[in-house]
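Let chain A serve as the given structure and place chain B on it in line with the hints.
Protein chains: 2
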Amino acid sequence: MVNSYIQPGDNPDLTAERRQATFDTEELTVLFQGSARSVKRRREIYDYYQRSPDLQDPVPVDFLDRVEKYENAQRKMALLTKHVPKVVPDGNFEDLMNFFSTVFQQDGFPLGLHNSMLIPTIENNADDEQKREWLPKARANAFIGTYAQTELGHGTNLRKLETTATYDPNTEEFVLHSPTVTASKWWPGNLGKSSNFTVVVARLISKGKDYGPHPFFVQIRDPVTHKSVPGVTVGDIGPKFGINTNDNGFLRFDHLRIPRRNMFMKNAKVQPDGTYIPPVHDKLAYGSMVYVRSFMIRGMAHHLAQAATVAIRYSAIRRQGEVTPGAGEVQVLDYQTQQYRLLPQVARAWAFEIAGRYTRYLYQEFLSGIDKGSAAILPELHAVTSGLKSLVTHHVCLGIEQSRMACGGHGYSAASGLPQLYGIVVGGCTYEGENMVMLLQCARFLVKIAAAIRKGVAPGFKSEATAYFFVNSASNGNVSTPSGALAALEHASRRLTLLAYDRLEAIKATGKSHNIAWTEAGVDLRRAATAHTRTFIVRQFIEFVKTVKATPATKAVLEDLLKLYVYYEVIEADGDLLFDGHLKGADIEAARVQIYEALRRLRPNAVSLVDAFDFNERELNSVIGRRDGHVYENLLKWAQNSPLNKNDVLPFHHKYLGKAMIDAQDGLFSKL
Amino acid sequence: MVNSYIQPGDNPDLTAERRQATFDTEELTVLFQGSARSVKRRREIYDYYQRSPDLQDPVPVDFLDRVEKYENAQRKMALLTKHVPKVVPDGNFEDLMNFFSTVFQQDGFPLGLHNSMLIPTIENNADDEQKREWLPKARANAFIGTYAQTELGHGTNLRKLETTATYDPNTEEFVLHSPTVTASKWWPGNLGKSSNFTVVVARLISKGKDYGPHPFFVQIRDPVTHKSVPGVTVGDIGPKFGINTNDNGFLRFDHLRIPRRNMFMKNAKVQPDGTYIPPVHDKLAYGSMVYVRSFMIRGMAHHLAQAATVAIRYSAIRRQGEVTPGAGEVQVLDYQTQQYRLLPQVARAWAFEIAGRYTRYLYQEFLSGIDKGSAAILPELHAVTSGLKSLVTHHVCLGIEQSRMACGGHGYSAASGLPQLYGIVVGGCTYEGENMVMLLQCARFLVKIAAAIRKGVAPGFKSEATAYFFVNSASNGNVSTPSGALAALEHASRRLTLLAYDRLEAIKATGKSHNIAWTEAGVDLRRAATAHTRTFIVRQFIEFVKTVKATPATKAVLEDLLKLYVYYEVIEADGDLLFDGHLKGADIEAARVQIYEALRRLRPNAVSLVDAFDFNERELNSVIGRRDGHVYENLLKWAQNSPLNKNDVLPFHHKYLGKAMIDAQDGLFSKL
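Chains as they are written, first to last, in numbering that gives the first Met the number 0: chain A, 0 to 671; chain B, 0 to 671.
Bound conformation, chain A alone:
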């Protein structure tokens, strides 16, 4: 079989690994990236980038400070007008996103929120006249905007946002105001320095009545001078764990007046006299959250795949420990412990990619349902994507860190790209719905299922993902196949959902309100959500491997990855599976042996498996994960960029450290 990543002059350890491939990497690449077209366009875009010197970074950006990073991103932004028509002439969305991430990587760029939040907000919340006015300018980047919702003191609970938009019928204007420190907008990406417009979510007040949070379109900087307008204080919120190229910002209003028509009026409206017209239906907002999350899950899967690529390639060239005396040091990838750290990340990347793909399919189903007037699938879709968002981001972050630590000291250097990747990706555990909150959202749905089961009534809906709750357990405790393991995981999930529900009801039975009981039963509710979400991922991965059209050789490695994934989950849930005696110790031990066997079979394909993810050097951003395996000489080269290396002796040395040493030497000599 063929690994198409072999090139002359590569590190011979990597070439030897690649020659062992038992499958065609190109075939697997198409399956992972989704289509032959995607793969082709990804490569063309990367080639274009490589042929465009003006888009390159002057030095690796990790050596730049924040202002330099941001300036570099602005510089490249200004070049897009020239490049985009050449590289993505048809404006294909996927290709555009791909080009942007090739040019800017993952650390943020001035148009990020403009594209992902502002334009969609106009599309979904502006009325026709507003769209005609704002959309062409937004799409042409004639202004740059973002979306300002979160406040210093308020995140998840939108109803408590403090920024006010008070309608003044005399001038037909809204007065935007930040009444307290905690009302300051805080966190929106690109808000600090880039944006001259922004969506602002504020409490709408008209005729003395508070109608709660609504979106407004607000100019915050002069379109020509870019100075912040009177009534607006705006700036950067400072350094963060990651995404430091992004000017996440704060924003305070001091009675800023905006025209009435700058309220987004597709749904709710305020008439010139101040009469409030409520929106007709308000469930669609959930739809867009689902959409964002399904894309996020895919992005997360790819980030995990990137970390695994770096760590597995490095583990193939890193040698440590002479296992057989005189035979030289072995590749660290030959240690079972190293395989156990890394190969499950490859399997999870696949499982999460497939789960993300399936949620995008469900989202399409939801949209066609809406067209037919039904949003029936929404509650479940919301629950599943909430659970997935949480579980996937959590496991991806743990997996990136395991990959990084598996690279030893070099994993701790920014040269590996892995610290930065973790810093960026781990933000995903918090943004777009804090993970614990997300799991409890999922649990809210499960509690309804449990109530139906306990009351013996039919559920108000039907779906593939929840069918197992309503039938007698399909599990006979035989987990020798992935399907058998899924049935056992479903059995445990059902039990945990009922246990959480019973706990909730028991607390309520002591006289506490539902809401209070909910805060006191959170840990068990979270466990139920995790267990249910796990069954979803396992089911989709099994289904994918069963139905995928692939050559037998490729199917064989996918089957090994599936087994590794499933039995790794079984081991992680061993306590839940053994709890009621449904599984026995021998079953868990057998699952463990399945993992060891899968690792043994996958070992010779390890490098080819990560090659087949098909990430380019720009995406990996890693000296130790290079395709060619020439790690050490390039680490030395990379380090030369350090600003500390500009001078052999730093200009301030003699003022401080040098002087102190010489004073001490003098002191010693005078003592002699």
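These aren't lab readings, by the way, just hints derived from the structure by calculation. Any given hint might turn out to be false.
You can't tell identical chains apart in this list, so a pair holds if it fits in one copy or across any two.
[What the hints assert, rightly or not] Cross-link-like lysine to aspartate or glutamate pairs, in silico, EDC-like; alpha carbons within 20 Å at most:
| hint | residue 1 | residue 2 |
| --- | --- | --- |
| 1 | K583 | D23 |
| 2 | K159 | E321 |
| 3 | K583 | E571 |
| 4 | K461 | E379 |
| 5 | K268 | E171 |
| 6 | K645 | D64 |
| 7 | K645 | E67 |
| 8 | K371 | D627 |
| 9 | K226 | D662 |
| 10 | K159 | D662 |
| 11 | K507 | E596 |
| 12 | K159 | D333 |
| 13 | K554 | E67 |
| 14 | K511 | E321 |
| 15 | K68 | D53 |
| 16 | K136 | D64 |
| 17 | K136 | D221 |
| 18 | K268 | E132 |
| 19 | K658 | D53 |
| 20 | K658 | D9 |
| 21 | K507 | E321 |
| 22 | K645 | E596 |
| 23 | K39 | D56 |
| 24 | K636 | E616 |
| 25 | K226 | E70 |
| 26 | K159 | E542 |
| 27 | K136 | E122 |
| 28 | K554 | D12 |
Below, chain B without anything else, positioned relative to chain A:
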């Protein structure tokens, strides 16, 4: 009871929390920090620091770039000669370390490795004449040195270091050389720019024979000009996940000549004619590793305690979610999920502090044993500290991240101090022995125990920590008390050790060598080491709480922390405990209820518990973890330091983004 941290003008939520304390915080502080003297001196040193404006940072260091951070550290370093005699007149080691970490925090400073590695190396490896020559200068900081061992291509396996020191009897010199790229020294702290001397570990070659790695004392920069000397290439290795104030460096030799007497000659020696005299005994090196690790465990415990302090204080002032309509939003600390994330970190910080304390006691035992000619305790001490180093750093890092994420978006900002803390602390999973390697070191010891058990012979040693392997299980499956839970954990640990041993022997029975079998059985060996280490921590914590001299009120909270710790471990090991039916599901469920009950009882003391760790603002380095709870206004103030906020409109704006927007506006107008 009294919480001594209450001050007028504090955030009222924090004051209300503190008023609920059921114990005297001062009493708990003394127990955690070790002695009333320590507590007093810690406070005096912090006061001194606060009264010394020249030691303050001009802006929070998170807003500085690497060169600025390093310059700031050099600046403060140069002031130490003036301050140290005033603040630590008696030169007390603990106080000195405390003063250094107050001034420099945890991100490194130019004397760090000089104090922790160079001086001890001279003390332990130089002969008397060398000590007389080098020690006074080293102690006076007349030169700055570090310890260069790790190479680009070689870390854990010292025997494969490539740097050579070839003896030339003609000139009575060693010739230091880096024969390959992978021989470059890489990682040593303070090596890049600060040090003009360093210990170099190189393969000693004399009369054509290679004697393996030995330490040499090498001048790498001119003592006056600080220029790197001919034959030496030295510099900074670039940015890292953390510790970026530290100039971790690389170092290459091109046939650098040093005098014969610059080989450390307390142990091995080379005579003028090149005759090699081997060392008499070589076990002492392990002793110093044990020493470093026992201090490291304590440091880790304190870092976890710091993260918990920040997150718990913030969770007391952060309000989110109106649980009872009209009653206002609740403190997020009132959610069981939040308590479950944070309070176990407090319990673990205590457990790890106690475990670290006990290993320091064992180290003293070892030293007195050595004085009596016995190093019998060393193998076990090495095994225990290896396991602890790994388990503790791993759990501390997970705990810091849980604490950080429990702070939502603000935890992701550098203003929380938690991203930096994680970046610094997680290095500890890799340095001083990579965690996986450490667990396998521990397993090596356990396999010897298993062999003795399987062969029915008496062990070659006796100790409290391993006694349980050689008696019939003390566990009757009743885990209703911490001691009962410990017995059950011991039962599981014994089973896992025997299982790993049997797996190893089974692989060997197929004809594979012991070393190869070892690489193939790594995962089970690691599990055994983890399980054994857990019993050690649990046992010491039980013993501490049982014997501690404290008032009943203080003892009561310690007992709750112990229960929380122990049952949290039981839940984490649930699969191992249920595996052979030793525990039943009902026992696990009971352990879970013990946790919920402990959380409920500890909740009113949560803030007082973290107050009692007694970390000052400099140690916490966190806007959201401030003692006074005035979080939001100080976040706004903190952000003003961002270099991006120096100008409302950045100097380069009109060159890039501004121009692009105006071009686009023009384009739109011309289309009209």
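Against the structure, the hints come out as follows:
1. K583 x D23: Classified as neither; 39 Å inside a copy, 48 Å across copies.
2. K159 x E321: between (62 Å within a copy, 9 Å between copies)
3. K583 x E571: Intra 15 Å, inter 18 Å, cutoff 20 Å: intra and inter.
4. K461 x E379: Within. Shortest intra-copy distance 9 Å satisfies the 20 Å Cα cut-off; inter-copy 59 Å does not.
5. K268 x E171: within (13 Å within a copy, 92 Å between copies)
6. K645 x D64: So K645 and D64 pass the 20 Å test inside a copy (15 Å) and across (14 Å) alike.
7. K645 x E67: both (17 Å within a copy, 14 Å between copies)
8. K371 x D627: Intra 53 Å, inter 56 Å, cutoff 20 Å: neither.
9. K226 x D662: between (51 Å within a copy, 18 Å between copies)
10. K159 x D662: neither (61 Å within a copy, 40 Å between copies)
11. K507 x E596: Between copies, since 17 Å is at most 20 Å while 48 Å is not.
12. K159 x D333: between (55 Å within a copy, 18 Å between copies)
13. K554 x E67: neither (47 Å within a copy, 54 Å between copies)
14. K511 x E321: between (64 Å within a copy, 15 Å between copies)
15. K68 x D53: within (15 Å within a copy, 31 Å between copies)
16. K136 x D64: neither (32 Å within a copy, 37 Å between copies)
17. K136 x D221: within (15 Å within a copy, 62 Å between copies)
18. K268 x E132: Close inside one copy (17 Å), not across copies (85 Å); limit 20 Å.
19. K658 x D53: between (44 Å within a copy, 17 Å between copies)
20. K658 x D9: For K658 and D9, neither the intra-copy (48 Å) nor the inter-copy (44 Å) Cα distance is at most 20 Å.
21. K507 x E321: between (63 Å within a copy, 18 Å between copies)
22. K645 x E596: neither (51 Å within a copy, 59 Å between copies)
23. K39 x D56: Neither: 25 Å inside a copy, 52 Å across copies.
24. K636 x E616: within (16 Å within a copy, 40 Å between copies)
25. K226 x E70: This pair counts as within: shortest intra-copy Cα distance 18 Å, inter-copy 34 Å.
26. K159 x E542: This pair counts as neither: shortest intra-copy Cα distance 43 Å, inter-copy 48 Å.
27. K136 x E122: within (13 Å within a copy, 72 Å between copies)
28. K554 x D12: neither (26 Å within a copy, 59 Å between copies)
Going through the hint list in order, the structure does not satisfy hints 1, 8, 10, 13, 16, 20, 22, 23, 26 and 28.
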